[in-house]
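Residue numbers (this note's numbering), protein chains in the order written: chain A, 1 to 247; chain B, 248 to 673.
Wrong hints could be hidden among the right ones.
Computed footprint of chain B on chain A; a stretch qualifies when at least three of its residues, placed anywhere within it, have a C-beta under 8 Å from a C-beta of chain B [as the list claims (entries may be wrong)]: (1) 62–75; (2) 78–87; (3) 97–103.
No lab work stands behind these hints, which were simulated from the structure alone.
As the structure is a computational prediction, the values presented were derived from the model and not from experiment.
Every residue gets a Cβ at the ideal spot worked out from N, C-alpha and C, and that includes glycine.
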Amino acid sequence: MSELVIEGLHARVEEREILRGLSLTVRSGEVHALMGPNGSGKSTLSHVLMGKPGYEVTGGTVTLDGVDLLELTTPERAAAGLFLAMQYPTEVPGVVVAEVMEEAFVATGRDPSGVPALLVEEADALGIEPSLIERSLNVDLSGGEKKRSDTLQMAVLAPRIALLDEIDSGLDVDALRSVSRRVELATSEGFAGSEPLGVLAITHYTRLLEELHPDFVHIFVDGRIVESGGPELADRLEAHGYAAWIN
Amino acid sequence: MSNELFTLEASSDLDGPDWLKAFRASAAKAAAGLSAPSPELEGWRYSRVEEVESARHQPVSGTGESGVPVAVSRYLNELGELAGHVICVDGQVVEISLGDEVPDGVTVGLADSAESMRVGDAEPTDAFAAWNAALSTAPLVISVPRGAEIPAPIAVFNHVTQTEAAVFPRLMVTSGENSSAAILEVFSSEDVKSLVVPVTGFAAARASRINHTVVQDLGPQMQQIAFAGAEVGQEATWRSAIAALGGDYVRQRLDVRLVGRGSTGTVAAAYLGSAKQMIDLRTFQEHLAEDTTSELFFKGALAHRSNSVYTGMARIHSNARGSSADQANRVIKLSEDAWAESVPNLEIHNNDVRCAHASAVGPVDQDQRFYLESRGVPTKAAERLIVDGFFDDALSHFPVAEAVALVSGRIDEELNREVAHLEGHS
Ligand SMILES: Nc1ncnc2c1ncn2[C@@H]1O[C@H](COP(=O)(O)OP(=O)(O)OP(=O)(O)O)[C@@H](O)[C@H]1O
Ligand SMILES: [Mg+2]
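Chain B extracted, bound-state conformation (with noise of 0.2 Å):
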């Protein structure tokens, strides 16, 4: 077994430190043993990923400029108060920033070991995410150290400007013991034809508290397979939120691995499709302790022909007496020609449990559409309220407040551009 998705040529032409140099050459050739994704495997079922021509992509290092693209500070302009931020364009640090306000110990810079690298035991091990650690320019780490509290969020931009470019952008959280902290990424490009290949780790060490949301608002042109695990300690509570917003082929898988007595992990999506985009969801729910409570809460609308696929394991193992997990996937199809799966598993070890599944699939709710009607409301208004309250319920539980806003703007530009389209369908 073997994938030739990248090159070991590739990880080797990369800059860097001795042990970074070192460190991928190790991942590379272990991403070259493991077998390349393809439709017929579990976990890549209905995917697009026999698309992504890999080879047609060059990894990239930066552009040789060193300004901050327009489109990131518009982000920065809406997304207000931040306790800091870091911008990656085309996979290299064009600026750290990081307030005052900021606890003494914080660290948020580039990896500084090969221990630094590591994500943890949510450690991915599909080829995209292993090429990653042999192919990433600028390895973030965030650090947060034990009873620190970080008041605001710290921001993770990372913007593509060049076509027919690979950019992996690595990210690893940890946060100490009692500490609280709220991470935000945001992948962005310009309207080029690249591939992001992200890998974001988390490791919440006992009752710390990590909030994390993704904007994915990429053009329209772009794939992303991206990847994203947490290990959550003993009490501690991880939330992560993902708005898939952008893209042409756009892939997020999620892994939480609830391995500390007590502790939560939740995710919540809100994703828009149009054109013939297609939006791929993959969850793993991983309950190893007692008392673990997992939700999963997702939303997704598909106007035109796009089409969004969630599969979604909820995995509660023997020793994890008294956990509960909650799995629902809903989605609004705008238009006859959209698709969608939606595939919630689980998988129960231990019988003192509660778990929930839901998923629904299906055309603007008839009877909200009459009730609001029967009010006076005209039926293209309806349809637009229903809509928008719909990803409105998603957004409640997205758990880093300075990032909704952005989010429902944006899915608000988006809708208005479907409304065409809205009226010719009921």
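Pulled out of the complex, with its shape left as it was, chain A reads as follows (with noise of 0.2 Å):
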């Protein structure tokens, strides 16, 4: 069993203030939606919780496992089992999937032999053409091939939690639901045989949430969840958009 726990996170970019006081635990098997207007700072917590440069935490704390996360380098975050699927997947010229995930696997004493199997295997799972696998990352990718290749990364990586910020941003119908599929499977059965997946997924959409079926919808604004229920937050959220909760 594993466990995110945010408590009281307050963070900042630029000398401005973007998170204010976020709480949120995610457990294995969970999945979590994190739904709020854009710029509330959601995509901010993703990058502060993988540990991206430019952010600056001013209060609060995370651990996973127990594990200070703040402490931990980004490298070890992910080897500690968090992963981030990026809303904007950067570019990288010249480097492959398979090098990354082989760079990755030793990093964390795993037999880097397997990872082109791997690839291929969930690259069909995933729909994925086996010529984008052999692709610099990124580049020249449309918007939803690089949502699918992030999808892929996870799944050959098996982290134990996925921050997945807008991973339906750009997918087709279709992809939708194949990244959903892959993601649910992860959630209900681990990946090999390991603890099941724990999911926070930003997301806009509830096209998403149909798909992932969450266990919980967090209305996120101004820097901290205002509020948390099931799914039929996110109808009504569908049906009269931010107004309730933004003052």
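Join these two chains into a complex; the hints should help.
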């Protein structure tokens, strides 16, 4: 059983406080949806959790299975089982996914020799063209292809907790379904016998929620969660917008 | 105006057939009349040309020995299938070999007339290149007749073994209509302190295709001032690339003149600086006819206190309607002490054209590093992947495939040496 525990998190970017006392716990097998207006700080949260440079944590704690995440470097956080699918995956010219996965395996003492086969298998499950995995990471990939590629990497890396920042943006209907299915499978069965995956999915659309079946929906406004509930919360949001939560 | 980079006597002392002596004598007079390059001059700005003490370097012609240097044998092994090769040591030919698959009429050998010494209208105008004409001891010619297609590259090796020597490699390549050829030049040396002043000229006739790659793998104390120029005819294509790996102060000027309608000229470069090396790259993309295309794709990485200069000019003349020019130079600084100048320029005299330029100098991209780190790749490994990928991207633009493994292997070796340094810098 894994547990990502965020308590009273405050963080700043460029002297501006973006996260203002955010608390949230994500456990193995749980799917949490985080919904909030543009610019409310959702991606900032995902970056702060993964340790992106340029963000200053000014208060609160984050632990993964009791380990203080904020004390770890980004690769150490990944090795501890955290994964981030970014809203805007970065282009890395000349670097292909296999070598990245292999380096990540080596860093965590896993045997990298199975990576190519695993990539082919997972790509197939996600409906990814085999030629896509030979290409430079995210370079000249369409929006949807980038999201699929990030999902593929998640599946190969087999994290404990995945932060999915708008994984649904740019995906066509079929891709949304195959990506959601892959994530769901991981949340129920884990990766190759490991514990089930815990997910924090940032999204604007109920469409993803219909596919992903979240256990919890959180409304995120102005750097903190203002209300948490079940899927019915997303329906309220869909019908009335954020007005009720914005003062 | 004049210069004393080298002397008229040095030229007249050289052996050769009468026509060559006469050619050299007039070339020497012309060279001596040109002003000496200095960093005050456009085209030499930021350069370290004043450190080139040409007077200390003795023009040489051969070693007296005839063997193939070990270093060159090693390249030959690494390069795989070649259609032929020429090996020059200290400015003297020690071996010429041409495979059976080379079509009839292809010539590879020493120049045999004053006419064959000409580089065409891409004739260099700077003093060093002019002195090359006066001091070249073994000017080579490769000519590919109309319609001939050479199935594998022809490689020309220039290796320097003596210290305080000046060597003036010269190569003129002509391709007849509808012919195709790949030319590979490798410059190497023992660990000596000498000067190499190469001039390479190309004349590509209508619808011919020339691929060209330079591997500059000189020893760490070497200086080089190189010129390569191409004149590209109608519907012809000239693709060139430079791997600048070794040397101390190394300069390469590259001129492509697109004189025929629908002609294409592309240049790529991968350069890697270390210690206090300077890599000095100057390019000219001249569009002189309609529907011409040029593309420049340069990538460099600088370690330690090394530095690089790139200045490039893409000039579209008024009669070059429908042309397109691209310039991109990107430099990764692996150390805070490294510096780079990157100055692409465009000069456009026709409105119906498409031009783009990009220039970037900076450390390993922070977002790229974070992306890889977020997958669990440790910082050092992430930087290494990014730099390797950066060069792979440049090498994918290299037109002579046979040279790519050699270059990427050499880049790997260099980067492995830099790893300790990368580790201490982020
Ligand atoms: N590096 C930065 N410098 C300055 N401001 C920043 C930086 N990063 C984020 N911000 C600001 O922080 C706020 C929160 O941005 P964030 O990307 O977290 O929003 P978001 O909730 O993910 O929005 P969206 O739904 O549009 O993706 C925004 O106002 C944004 O402009
Ligand atoms: Mg966002």
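Structure-based check of all given hints:
Three residues within the 8 Å Cβ limit are the bar, and the region 62–75 of chain A against chain B gives 3, so the coverage statement holds. With a cut-off of 8 Å between beta carbons, the region 78–87 of chain A has 5 residues touching chain B; three or more are needed, and the interface restraint holds. Taking a C-beta to C-beta cut-off of 8 Å, the region 97–103 of chain A contributes 4 residues in contact with chain B, enough for the three needed, and the coverage statement holds.
Every hint, counting from the list given before, is met by this structure.
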